[in-house]
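Protein chains: 2
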Amino acid sequence: MKIRLTASALALGWALAVLSTAPAAAEEGMWTFDNFPIARVNQTYGTRIDQAWLDRVREASVRLRGCSASFVSPKGLILTNHHCVVSCIQELSTAEQDYVANGFLVATREEERACPGQTAEVLTEIVDVTDQVLAAGAGLEGAAFAAARTAEINRIQDEACAGDSRFSCQVISFYRGGRYGLYKFRRYDDVRLAFAPEFQAAFFGGDPDNFNFPRYALDAAFLRAYENGQPVATPNHLTWNPRAPQAGEPTFVSGNPGTTQRLLTVAQLERLRDQQLPLQLIQGSELRGRLLTYAASGDEAARVSVDPIFGLENSFKVWYGQQQALLDPAFMAGKRAEEAELRERVAADPALQQRIGDPWTEIEAAELAARDLAVPFRQIVTAAGGGSALYGMANAIVGVAREREKPEGQRNPGFDAAVARTRTRLLEETPVSMDLERIRLGFWLSKTREYLTVDDVRVRTLLGRESPEGLAERAISGTRLDEAAFRAAALDLNVEQLVALNDPLIDLALRNADQAAALQTEWGARVGVPSTRAAERVAQARFAVYGDNQYPDATFSLRLSYGSVQGWSYRGVEVPPFTYMGGLFERATGAAPFNAAEDFLASRDQIESRVVYNYVTTNDIIGGNSGSPVIDAEGQVIGAAFDGNIHSLGGSFGYDGSVNRTVVVSTAAVTEALRKVYDQPRLLRELGVD
Amino acid sequence: MKIRLTASALALGWALAVLSTAPAAAEEGMWTFDNFPIARVNQTYGTRIDQAWLDRVREASVRLRGCSASFVSPKGLILTNHHCVVSCIQELSTAEQDYVANGFLVATREEERACPGQTAEVLTEIVDVTDQVLAAGAGLEGAAFAAARTAEINRIQDEACAGDSRFSCQVISFYRGGRYGLYKFRRYDDVRLAFAPEFQAAFFGGDPDNFNFPRYALDAAFLRAYENGQPVATPNHLTWNPRAPQAGEPTFVSGNPGTTQRLLTVAQLERLRDQQLPLQLIQGSELRGRLLTYAASGDEAARVSVDPIFGLENSFKVWYGQQQALLDPAFMAGKRAEEAELRERVAADPALQQRIGDPWTEIEAAELAARDLAVPFRQIVTAAGGGSALYGMANAIVGVAREREKPEGQRNPGFDAAVARTRTRLLEETPVSMDLERIRLGFWLSKTREYLTVDDVRVRTLLGRESPEGLAERAISGTRLDEAAFRAAALDLNVEQLVALNDPLIDLALRNADQAAALQTEWGARVGVPSTRAAERVAQARFAVYGDNQYPDATFSLRLSYGSVQGWSYRGVEVPPFTYMGGLFERATGAAPFNAAEDFLASRDQIESRVVYNYVTTNDIIGGNSGSPVIDAEGQVIGAAFDGNIHSLGGSFGYDGSVNRTVVVSTAAVTEALRKVYDQPRLLRELGVD
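Line by line, the protein sequences give chains F and Y.
Position 209 (the first sequence) corresponds to 209 in the numbering used here; numbering is contiguous.
Position 644 (the second sequence) corresponds to 644 in the numbering used here; numbering is contiguous.
Isolated chain F (complex conformation) (with noise of 0.2 Å):
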């Protein structure tokens, strides 16, 4: 799932406030819609927030595949971020046809082009489903708890959603436990794309430029929801406002924040701290090194490599970010403070004490087993296939056939369900680059033999006596996994008859598979399970000694947030809220990533220099919250935020009013790019702007 969230001053040093987990400071805050601080915020900034503002928000805030987004028109039109979309225009280029270099730019709603595996949903129902859930593990231990748990909430998802595939249920995890609530989601397959602009336009600046400001992005796409091939009705989307933002008004973003870790207990930091992200930032960085280098080869393996690279550098600049956060001594004294407040206050009251009990010192000792566990639960399990779509299809056919050996009582629940999923994406016809998936397999052998070592068993049942490279490469050039049929006709094989299939990667995954097997047991009894439960108790902790006045870390479902149009000072730099379009123009140096597209370069005379380009905002959001509309008082859309600042990274952990910034691009620049450079005059009428 792509988490997306794009702002870069690596150098800078780290100022963040540690928030009280008590009630939140002003603007902080990624809120649910059944628990958003209303009268707070009307009394903060005058507004008027409703129930009924709120619900119409919701109504138009569209969840896509690791991305927010609005729906902008009664057509069904979704305004999201470029770079949420970058994939997908990827997947419908050719070497002929480059519309990630020049753009989609169609001039009928028929030319409009699906986004394979793309999906819209709308939240419509939240639903606490808190007792039930937490009902369904008590007594249990271990893989019996993770059953319990994950057959109870398979039980409420399946019941909620009624085999309605229109529909789409999720039971969320809020408060790291706390809470648990049934989402129910209004969902729409069919998703097309409706414009993208240049890749330069909405990407200028590149990766030195991403998680910074003064920014100069037009960030911006257009999709839209179909349903049996027509246009989605969608009554309830935002009204569309060309105008220029005020500097000091409020704005709302409604989006879906992905993940936060501000409420992780201090041992669970210190080891993302000590090992989880260094571990990321260095094999990241060496397949940085070797996608770079490929991408720098022809003009083929650049085309190819444009959204691989724009993902692993933006995941980098975030892992960076948030490892500086850490390494803040200031700031983990302050969790380490808050940290032990809590345990006070809890010991402070018998009747509390007896009902959380000591999860700190749990969560401690599960986290001793993840350090000797994590290293090889990540290179057998969770980085398996090191992003190779071949492999990840292999292993997809491997997990069916063995969970389809079970006796039915022990396949997992949902079972048939998850294999429609699985078919469906397989049956995608996406384009695979070969030369993308030899690096990635390879890399991933590689490293897996570098960290376990040569003479680990698992190293060798993986390898047999061939190199990293050399089994990369017979495995991807052997397998037939890249022609869809074949991909479907194996899924309705078992074992047996897949291990008879001969095919190099298919039997890749199949030795990969009791390992990786073995290694979740382990992780779910060593880590997963005792901290699930432990962190349970923390939270209620919280909500005993705090109150309800608190929100939730991200996890990818709805949230609100408020603030306002400010720029901010950093050791005595002023950065001031706005940049302009012609500002662009001066930033270009010609040499890439500083190169103007080439038809914002042609339009140059056209474009008004003084329409607010990019501008930044107080909201609390994080990667996933990418898309999200930037909304004004009135309840209409000015913005798509697409960026944080560099001081936003923290943010994973904390969030400090005084520097955190949320960057959006226009609909004032939208417009005007719509208008000047790409002549879209039928989406200018459809926003109510011709």
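Note that these hints are calculated values from the structure, not bench results.
Hints are not guaranteed to be accurate.
To be verified - Listed next, with one range per pair, are the computed distances between beta-carbon atoms:
| id | chain 1 | residue 1 | chain 2 | residue 2 | range |
| --- | --- | --- | --- | --- | --- |
| 1 | F | Glu574 | Y | Ala485 | 45 to 55 Å |
| 2 | Y | Gly117 | F | Val499 | 50 to 60 Å |
| 3 | F | Gly142 | Y | Arg243 | 22 to 32 Å |
As the list claims (entries may be wrong) - Under 10 Å between C-beta atoms, here's a sample of chain F residues computed to sit facing chain Y:
| id | residue |
| --- | --- |
| 4 | Ala144 |
| 5 | Gly284 |
| 6 | Tyr546 |
Just so you know, these numbers come straight off a predicted model, no measurement behind them.
Note that the Cβ used here is the ideal one computed from N, Cα and C, for glycine as well.
The hints should help you fit chain Y onto chain F, whose structure is shown.
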């Protein structure tokens, strides 16, 4: 400078015993030859080490650039590691005649080939100059302090060598400034390659087996020192003994450990852990990915990349192991306890407290400044050029021109000698891969922009309106610095004349010169000088509290380590001390890097399978010791140290005799290979084993 030592098991845990700075544990220590614990060793091992024994070993010990070695015949024949001379072998090779792949196998002395830039130095005299050096800085601060120290050190060196080019004189800091020693060396500048096995024999198992054991590597080579065109007479060489080592027998390693950091304060270790090592690991990984992908692009690319990739992967593993040691909470707790104890004992003695003051707090302040300065200091000063050989030359030429323009009194002391050394180096005709130059220079520029940000004035000074890749391409393609004559001529020019050359690489070095000088000044004033002054007092505190029975941190100066042939056990696994030549063929899979070398395969039937190949000892060594003779109680050479095991990597910060091991290639195996694999009767004769 190459500091090489090559041992793999990144995923292993770390169990470092924390050494007390008080009397060293048995077998711990990199002892100077003027403070070797003769009595303790003789008592422990029943040996009869005396001053004559020490003198003989010292006179046979050779310091190479970045490595160690020994004389093993009366005619200047030098034993070292293959990996210490692989860059020479690479330089002597061409696409047609690849000595790296095929080995350097010649039948006569006349065919031996000079290794450009290599030197062989034999330590002849040690003089304590502590009082003179410490007196020179007294009463001064900042730049004046640094200048006074440098001047005094240069004066001592110049006076000792008196311009005699057959000697080199170096004032070396010991105990982090607790002692200063004048080391006088007999120096040989004409060092020629006499023998090298195939790379695949020397480095069987490649990076995966590096820092690993059991091991099957013929990491040995022979050089020869010449003077006036003739082999140097070396009557005081070590006797070559081709016998097998015995389990438990005492072993001595004489060589030049490069750097240890066992005496750093906690504040210094923490910045190393939190800032310096992470940055090295992350940037090193990306460069590794770039080089590996480049090397896979063709045969010639693979050929020229062998040594750069070996060097980088070796360094990466060292940094990773160091980082794991510093991330071990128990290890750091031990360091903290040790520091606290020393501080308490100083505080308990008013006179001592008066003399020592609080250098620990002074170092904390310097480290705080270093946290701010380190990233720009690295990118603009220490890592400038990214390892591009041509940029290094440009920078040297620019540095000389800038220094020459200063009034004579303000010039660096020893300027003329430095210019002469630079001229010699610039005149060396070594092949340069323009592809690798582009990769390195482009990587440096790109990371500098990434870490300092695109809007940093120093980045703008470097790049102007160019991209890192574009500038690297233009500078490397356009420079004439690949011509030795051009380099020599440029060295005589002043800055104005250099500018007039319009050489794009010299221009780049000129653009960086001012900002690099400014950062060096600031670093010296805020970090370097305060740390030096404080560390001297920490060292004095240690002497006062614990006495003189200590060894200093490694400083790439001659040391003697004692120990014995021993395997180890870790987490219940027993590792025996020996491998045998027959084991090579069992471990070989045929897939690189686990393919046996061709000449070995061809000679398989002749090779005696029970000859000890590699073995491990408890000697305390570190990178820079590579090539060191392993000497028995009789003073005969029985192997060459070429690696440490994975546990040795924490040896930078502390020695744990239960698991820290030196990895050795036996003289028995080298003899067997000279006889059966490489057919070198002349060398066998010279070694007295024909």
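Problem - Non-conforming hints, listed in increasing numerical order - result: 3, 4 and 6
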